[in-house]
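**Student:** Hey, can you work out the whole structure from these sequences and the hints?
Chains as they are written, first to last, in my numbering: chain V, 1 to 218; chain U, 1 to 54; chain W, 1 to 240.
No lab work stands behind these hints: they were computed from the structure.
From a predicted model like this one, the values you see are computed outputs, not experimental measurements.
It cannot be assumed that every hint is accurate.
What the hints assert, rightly or not - Listed next, the in silico BS3-like pairs over lysine-lysine satisfying Cα-Cα at most 27 angstroms (straight line):
1. W:Lys170 / U:Lys50
2. W:Lys170 / W:Lys228
3. U:Lys50 / U:Lys37
4. W:Lys228 / V:Lys218
5. W:Lys112 / U:Lys47
6. U:Lys37 / U:Lys47
7. W:Lys228 / U:Lys37
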Amino acid sequence: MKLLWALIRRDLMLATRQGGGVGTAIGFFVTVIVLLPLGLGPDQTLLQRIAPGALWIALLLSVLLSAERIFQSDYEDGSLDAMALGVVPLELAVLAKAAAHWLTTALPLALAAPFFGFLINLDPQAILPLGLAMIIGSVALSLLAALGAAITVALRRGGLLVSLLILPFYVPCLIFGVAASSISDLVTPSLLMLAALALAGLVLIPIAAAAALRAYLK
Amino acid sequence: MDLNAAHVSFVLAAYAVSFAGLVALVVFVLLRDRRLKRQVAALDRGKELKHGRR
Amino acid sequence: MQRFANPARFLNLANAILPFVWVATAITFAAGLYMALFTAPPDYQQGETVRIMFVHVPAAWMALMVYTSMAIASATAAIFRHPLADMAAKAAAPIGAMFCLLALITGSLWGKPMWGAWWVWDARLTSMFVLFLLYLGYMAVWQAIEDPHRAALIARIVAIAGFINVPIVKFSVDWWNSLHQGASVFRMGGPTIDARMLWPLLIMALAYLLLFMGLLLIAMRSEITQRKIRQLQFAGLEGR
Chain V
1 MKLLWALIRR
11 DLMLATRQGG
21 GVGTAIGFFV
31 TVIVLLPLGL
41 GPDQTLLQRI
51 APGALWIALL
61 LSVLLSAERI
71 FQSDYEDGSL
81 DAMALGVVPL
91 ELAVLAKAAA
101 HWLTTALPLA
111 LAAPFFGFLI
121 NLDPQAILPL
131 GLAMIIGSVA
141 LSLLAALGAA
151 ITVALRRGGL
161 LVSLLILPFY
171 VPCLIFGVAA
181 SSISDLVTPS
191 LLMLAALALA
201 GLVLIPIAAA
211 AALRAYLK
Chain U
1 MDLNAAHVSF
11 VLAAYAVSFA
21 GLVALVVFVL
31 LRDRRLKRQV
41 AALDRGKELK
51 HGRR
Chain W
1 MQRFANPARF
11 LNLANAILPF
21 VWVATAITFA
31 AGLYMALFTA
41 PPDYQQGETV
51 RIMFVHVPAA
61 WMALMVYTSM
71 AIASATAAIF
81 RHPLADMAAK
91 AAAPIGAMFC
101 LLALITGSLW
111 GKPMWGAWWV
121 WDARLTSMFV
131 LFLLYLGYMA
141 VWQAIEDPHR
151 AALIARIVAI
161 AGFINVPIVK
171 FSVDWWNSLH
181 QGASVFRMGG
191 PTIDARMLWP
201 LLIMALAYLL
211 LFMGLLLIAM
221 RSEITQRKIR
231 QLQFAGLEGR
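**Tutor:** Next comes the structure, spelled out in structure tokens:
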């Protein structure tokens, strides 16, 4: 457990020092949200109806965009090799990296999203459900992004492949996420499904991602 | 089949597309197999020429 | 199964049964098409368009079956390290992808006269579309990674993960459709299927299955040949 925290802290330090990737994700998110009303027209009722979906899509795409960075630098400078051979199981290292990504990219976006919602006339009653759903859903999104990053870590044009591979997994996240962001209740069955996906991902994805990384580290 | 019924063109299109798709699939698989067979035969011949028959 | 781990043995078996597979495929297609186009009656509600079912449903069934086989083959490769398992999955992928594409296209052609729309986001169509993306992703992995052994390792993960995802997607879209009461429930083929329609459907499904088997055997033969080519090329490079 202590080792896990140490790894997470290390990645957080690296992320804050590098800075670039997080900014890109936030910039992309804001761009999508700002362009939406400009593209769809100022009809406020229309915007209110699509607001949850639009915010979720922006979150999804922003997280996906920043996926490549998760293992890139550690793979290139050999740290990943050290992690694979080290005391900590590679699966735990993957979990740590996904957690760091979540803390620096997905979670901030999830927390900020409801506030950007005012740009697209998000129903104020939907802010809390949306926020909660996004906090839980972003865990799944970060984990899936880490899986995509692990599968393509050594590939040159990995970005396109990551999108193609992870998109099918983002579909149920999006569907449950938007359904959980409605104004009806704070805790809906959709939210529970989303939480179930996140929990399943916490267990399964480190295993799969570590296996993928080992394939490249051989 | 009644060829004058409504929407028959859709039925014919569906069968035509299926036929075309399956034929394309068969052709692709067979041609690739043939090409690879020729490649391996050429390499085998090259190896034999190089080493002769010892 | 271990006996067929030897590629040469597999090739002998494949070449032996291939002619029978082709003959069986031809016969079942001939019989199935005749029944589908001539002896099957037009539907009470849909008229002649129901005949699209006989090319759409087998394609959809095969698309799902082939992906399932790829997942099983990948799991077999991972657990038992059977050398032909990865090859079987790789060989099956383009075939399954074509079946999936045909299912989508024929589904669209069926949908337009039936529901008035070329495409609807109901659970079946959406899952089939996602399945097509999964096929493309799987094939892209083999294309993107040069080392065949490494590609096999990654491809296995992609196939198994994708397989887990398919029912999740179907479930989620079903859920989503049930939330949006506006969407009507689309039922294909009617409530109960007439025996005169069931038989052509089953025979066409069998024809598609036999076609897949024949093509898979040839595609695996191609994979084995390709491996041999690579070995010969490496031997040539080392100047032996």
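**Student:** None of the hints should be skipped; say for each whether it holds.
**Tutor:** Hint by hint, here is what the structure shows:
{"no.": "1", "hint": "W:Lys170 / U:Lys50", "verdict": "violated, 58 angstroms"}
{"no.": "2", "hint": "W:Lys170 / W:Lys228", "verdict": "violated, 41 angstroms"}
{"no.": "3", "hint": "U:Lys50 / U:Lys37", "verdict": "holds, 20 angstroms"}
{"no.": "4", "hint": "W:Lys228 / V:Lys218", "verdict": "holds, 23 angstroms"}
{"no.": "5", "hint": "W:Lys112 / U:Lys47", "verdict": "violated, 58 angstroms"}
{"no.": "6", "hint": "U:Lys37 / U:Lys47", "verdict": "holds, 15 angstroms"}
{"no.": "7", "hint": "W:Lys228 / U:Lys37", "verdict": "holds, 10 angstroms"}
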